[in-house]
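J.: Order-wise, the sequence lines are chains A and B. Letter by letter, the first sequence follows residues 7 to 991 of our numbering. Letter by letter, the second sequence follows residues 176 to 595 of our numbering.
You may find that some hints are simply not true.
As the list claims (entries may be wrong) - Each pair of labels, with its calculated beta carbon distance range:
1. B:N384 / A:E437: 52 to 58 Å
2. B:E334 / A:T969: 39 to 45 Å
3. A:N616 / B:G281: 45 to 51 Å
4. A:S728 / B:S187: 30 to 36 Å
5. A:I393 / B:E197: 58 to 64 Å
6. A:F128 / B:K277: 31 to 37 Å
7. A:K925 / B:E334: 47 to 53 Å
Stated by the list, open to error - Coverage of chain B stretches by chain A, computed from C-beta distances (three or more under 8 Å per stretch; other residues unrestricted):
8. 445-456
9. 466-472
The set of hints was computed from the structure by calculation and includes no laboratory data. Heads up, the beta-carbon is just placed ideally off N, CA and C, and yes, glycines get one too.
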Amino acid sequence: MSKKISFTFDGKKYFGKENHSLAEALLDNGIFLLGRSFKYHRPRGLISAGSEEANAIVQLETGNITQPNVRATEITLYEGLKAKSQNHWPTLNLDIGSINDFLSRFFPAGFYYKTFMWPPKFWEKYEYFIRRAAGLGESPTEDDPDKYEHFHYHCDVLIVGGGISGLYAAELAAKANLKVLVLEQYPKLGGEINNQGKVSANKFRESDQNIIYQNIFSKLEKFDNVKIVTSTTVFAYMHNNYLLASQKTNNTKIREIIWKIRTKKVVLATGSIERPLTFHNNDRPGIMLSHSARKYANKGIDLGKNIIVFTNNDYAYEAAIDFKLINNENKVTVIDIRNNSKGDLIKEAKSIGIKILFNHIVTNTRGRKRINSIFVHKIDNETNKIIDNYGKISCDILCVSGGWSPTVHLFTQSRGKLIFRESDATFIPNESFQNEISVGACNGTYALEEILEEIDNKMSNLLSSFKIDIKNNNHPSLNKIKKIFYDKMKHLWIIPSNINFKKTKMFVDFQNDVTAKDIQLALKEGYRSIEHVKRYTTTGMATDQGKTSNINALGIISKLTDTPIHKLGTTTFRLPYTPVTFGALAGRHVKEFFDVERTTPMHQWHLDNNAKFEDVGQWKRAWYYPINNENMHQAVNREVKATRKGIGILDASTLGKIDIKGRDANEFLNRVYTNSWSKLGIGKCRYGLMLGDDGMVIDDGVTSRLGENHYVMTTTTGNAASVMSKLEDWLQTEWPELKVFLTSVTEQFATISINGPFATNLMQKLCVNFDFSYENFPHMSFKNIEIGGVNCRVMRISFTGEKCYEINIPSSYAQSLWSKCFEIGKDFNITPYGTEAMHVLRAEKGFVIVGQETDGSVTPVDLDMSWIVSKKKYDFIGKRALYRSDTVREDRKQLVGILTKDPNIVLEEGAQLVEEVSKPPMKMIGHITSSYHSPNLGRSIALALVKEGLKKKGKTIYAPMPTKTIEVEICDPVFIDPLNERLSA
Amino acid sequence: MHTKPKKYSVFSLIKNALSYHENWQPAWRSPDPKKEYDAIIVGGGGHGLTTAYYLAKNHGLTNIAVIEKGWIGGGNTGRNTTIIRSNYLWDQSAALYEHALKLWEGMSQELNYNVMFSQRGVMNVAHTLHDVRELKRRWHANRLNDIDCEWLNTAQVKEFCPIINTSPHIRYPVLGATLQRRAGTARHDAVAWGYARGADAMGVDIIQNCEVTNINISNGHVSGIETSKGTINSKKIGIVAAGHSSVIGSMVGIRLPLESRPLQALVSEPVKPIIDTVVMSNTIHAYVSQSDKGELVIGAGTDGYTSYSQRGGFNIVEDTISAVVELFPLFSRMKMLRHWGGIVDICPDASPIVSKTHINGLYFNCGWGTGGFKATPGSGWVFAHTIANDEPHELNAPFTINRFSSGELVDEHGAAAVAH
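Bound conformation, chain B alone:
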């Protein structure tokens, strides 16, 4: 059995320092899977771990397991550019992301794990009259949805982020920007680890290096999963496997409307503080922030083709870097230190699926596209609700899988900060 974890604090740090850090506990255990659980979450990324955490915390379901093929947080949780914001256009998205943002605001304290949520603001820059119209529409919608958002004119943009090139003579001059001050970035790995630790403390079994090979169904109801570590039974199974949800869906004949595409990101070498906010530009396609370690964190676009390979075309990186240099000419002599790829799973309307299915006890949470990280706590919160009650939470009701037959889409293509 397991003991209540000791709290992290500056005092525990000093205390442990005096004993040369010999007495720290594991942040989470590495148990063998039990024969049966009340619920199984397939996928140990941020969304899977938060789902487990809130199932235990909000719904008292503690006999649950998170099954992860590799290591927790190894998918898009550990590969994204960590931008967190809730300034979405449509009411349905805004409500979900705003719920997530509120959870971000208390996350470090809630988890007793510093996820370094840094509310340094996110600026979405407009370069054309079309951008201005679209961003103002979003600004007004955010305002009336009670989500903080401001409109900055060019001079205000310069004041807020002095290193941005606001010359009227560049190819796509800065015509203004929206600013969400509560938005920002966080330490992505810490989110997975913090939720894992929190879930583990409530009794959740986190089982890594365990691949799901089949879903067992009897009489239209799930009964368990086959894994590389044997059969594990459960009447409730939540699939949170991003692009690979399609692979699992196909095990039970469910075809998900997902496309998986390579998405790339990179960091520069670390430097002293130079940019103190997050800048996103749709038109020239660049987004930049600086991590606490000092690296510029830069996101590129998705490739035009579908693929499960975590590698995109290098031309996309070149385009992104030229866009960054266009907007921040002073970064021209900075250097790309590390580049990586991930796979984003995108629905036709660029909104996620958080939904029941026609198979009783089988639930899917996927299709977050490029927006998954910021939604992490909110996604887990509503998915846990859906699994616990066999009914969606009001916030994820619009994100049902049935919308692709009814046509009630939440089309965020036009509304995405960077259209992919």
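Here chain A stands alone, though its shape is the one from the complex:
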């Protein structure tokens, strides 16, 4: 006796059985009405028992673990499960929205393109109601408490699908000692096997299936080179045999795992999906696909006594036979479109007392919230026209079968090509694009003996590249399988109706409420491409992505346009196969792991000293260090002043550092920077500007020559990675002849920048024995100095205009040196300054920041730095571009300084500048790139790019802001120490 599990549906408590899906539990409780359709709010129940389910989608749980649009067929019951039906108001039983069903005539496909246009302003109001009517479930409104994981896996053979086909293929690969992974979307292996009951329904077939399944499965478990994972759906087949799967775990810590699989070979054994038939009112609760109904019945669920099976093929007889065998009292009637069938199953059905009506069709159904009867007519076998009225038959459920569609989704995602097979009107795999085979039902092979033979052959080919011969591994029971004869099916894409087609409701896409006559309307209106029909009617675009509807839509188009189906082509099967949780796709890359922070070795010190941080690229940089209750302005002013009067110390570790070595390193620098590097002596530093091939500045920094063929380049913090890859790009693709080797050493060295009039004093205290005289260690030079026993690279360069030493020290020693500087710098009022003070200090000197003064449209000449552009060099990146007609114009935007007339106003960075103020639109001549209060000047200063700015120094222009216009004057961008006297003072 299985355990009882309690759950609630729409607030009412029910009990279900262990290992039942929510769908099974609901049916077991006699609940057939499970939801409302998207557009007409028609009552709907289960149509299937699997991931193809279009109707039975529910809101699962509440609060922070709620989840919309969950297929009831895919949720295994657990204690306390709460589910709610969707898309109705006020209740599932009484839904006001179902008025749409009675007015459905006024809402044909694409009606919204034709109306809601008057009055023009009202669209917003119409849309408000349209949006509220649309949507199915509800988005969560709270943060997700769950975690997700990504898992990488490499194997020889990936088997998708754990049915008989997949497991048999796995066995063959396992015996060949290959690393095999089997993934099955449902919690239980076996596939079609699971649809069978305790009674061996189909004596011709299933006993064999069972034997084989048991046989394979018990053996497979013993192989340690085989991994089998259930509840895992392969949802994407990408390039180079890269596949993605989503695993639903029972683990409370990790909710879902995305498997990222790279495999040498893929075996697709994904099975097939049964097709509905398209007839009038084919969507009522209680109308199900035959094999789904069979599965439910075989799990012991009572679906009623009066069973109708409506089919065009032999396979549906398996359901009919099972219903009869489960309970001989059951009244089972088969309505078969065909005029006859000589199939073995039909013989068996007849022998156990199942009534069969050949040449008959279901033309209508009754029962709003659950089917109670059907109307049956006789058709002429040749013309398919209705020739007689059979009458009404009452029923408890109606099982339908329009044949089977191989699940070729992953195959087409892999870019394989399909071919149309007329005999059963299906698309089957034809031409592979990747290293893959399709076997079994997903390849359109249904008979067991044929499947096993197919797998033997295909696996033998597939594995031959491993130099493995599996010819003798054939399954021993293969020869014993009895053959079953299945007769042909008959395709009627639209089941004839006794009422006018234009008045019918024959649903094709159940969830999106697309009917056959909607497709007809689309075609009539000129939407003839299959993609146009799909987009105009929305068929196949619901949460089931057309698993049951796509082929029927194609068939209907084919019939209505009298075009062979293979000429229509198919719409693209897009990933994912079934919807995938966002959180799972993000995996661990959320919250603290979303773009992991980069911090410098001194980060803890900054934290301890109350630093505020700024995000620069991925780095956390100290922005300013407020003391006591200082605001940002006060802190920055203090830091700036201290640097110009005593010592300011900056953590500059985030600057990109690229180690350049090789015979042609010098030539390389000549090519990537605008200035000449030929004469730079060992131990010297030089500033360089790097241009894109359009001549625009993309980076700047100081490069030092450490040895004959050894340089170290610094880049801006934000561009470090992109500069590195650009340099590699040039080296590897443009200049393969250069012997140059690049290594990023950004993380290996920390940089401590010591600035200010007393910088040398501090350095001298740090290294007592070193000669810091200007003669020995002048500006723009480099020394290897041992500090506290650690070899450091010290550059005398300056971004503040003060005397400055940049100490590059191996990262692990940086924090200790940093602290030591404070210890011995006390006497000079050593003050840490952050990026904001750094910006002010450099702006006072008119130094540019690439990415702030530049935006990809600025040349060195625009920056008034033509001195750095070599006229003599044969070439450098961007040289040609600098001589184009537009780049040589003299009225380009140029870098200037800006002073507000009112010294207390600090302009907003990004403010636009005009010569004449008017009502918008105004002619803009430039914009403010940087703007600060300068404590040293006691007033505001700014840098700007202004059209013909160099000629306009002294001129008054305006910055029109939202509330006022600010008067400013163009000036020189160097505000302090224009002769650079402080560098050597």
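Take the given structure of chain A and dock chain B to it, following the hints.
T.: Just chain B now, kept in the frame of chain A:
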């Protein structure tokens, strides 16, 4: 010949409903190509169809054909995330996109086809001081160009879009945003269909499933095209084939400065209204809106390599989704329903080419990168002008192909809402 189309309205809908929709006309005909046209537009996407429409409407050129290799609207028109805005930085771009936006505002009425242009606003979110500086620069430029734009501080961002995570403790906190209220989204397919219907009504032949195999030139002037449906003559040929413009250019020895890259997008399962605006973030690289059907529409970034395959790397999708979850943690349990790829054709300066060429009568309109959909009507408007007059409209004069030799670029890399 063809009859004037019947107007769509609620009355025509009711009338047709009463006759069970048996009497609707095709939205456009499917004619066989004529021997000769006054102008041929190669490419039946949004830009091609609008070009044909405005050639007929504004310039009286009705003997024209639109030649489409597949089905109309099947390229980027039917693959984009439908965001429409005009808050561009540079004057040249702003003017062109603003012209387009004004056309969007009257489009449904103009076409008598509801394109569902929904002005729910577009927010461009700033996460770093650098973003703030750049977005404020754009805000001020938009203001002075008379394009609606507002600056929202963090609290205002939260007020405008309550579900966005504005906690100061996230990796890249929201520091503010620009908001263009007139911006929004539209139903992309409807734009192609509406313009096709409008153009068809004026006599334009829309020829689908017709591939161009060569461009005929005599004495430095185009004379027609070779297609899978035979030779079609014309003295004016406009190429509007997005990334495949390069393929057509190479037929006549024109090398276009275009790179084609995969760009991906996806939608979630449909849910009841949860987000009522469009949110774009450059720094963390996410953009999200919700369609009228209820699906979250999410755009990812371009891949780093060039390719004509409409498929990008899945890592890009993962990055985008983590960015979306970072900004909207409540979406973590939503599910990706459908994912697709397109090809974006990008110029070195991330601005389009709408231009004459050195071959008389041959015109190109391409290189719209990720910005093509929003420009659709404006692009057609100015391209039609260029073809009709053999001179660019003032709005597309800056977008000449010659700018790549003169250097007069319109560099929108820095200005793109999401830098690619």
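J.: Does each hint hold? Answer for all of them.
T.: Tested hints:
no.: 1; hint: B:N384 / A:E437: 52 to 58 Å; verdict: violated, 22 Å
no.: 2; hint: B:E334 / A:T969: 39 to 45 Å; verdict: violated, 21 Å
no.: 3; hint: A:N616 / B:G281: 45 to 51 Å; verdict: violated, 56 Å
no.: 4; hint: A:S728 / B:S187: 30 to 36 Å; verdict: violated, 56 Å
no.: 5; hint: A:I393 / B:E197: 58 to 64 Å; verdict: violated, 26 Å
no.: 6; hint: A:F128 / B:K277: 31 to 37 Å; verdict: violated, 19 Å
no.: 7; hint: A:K925 / B:E334: 47 to 53 Å; verdict: violated, 30 Å
no.: 8; hint: 445-456; verdict: holds (count 5)
no.: 9; hint: 466-472; verdict: holds (count 3)
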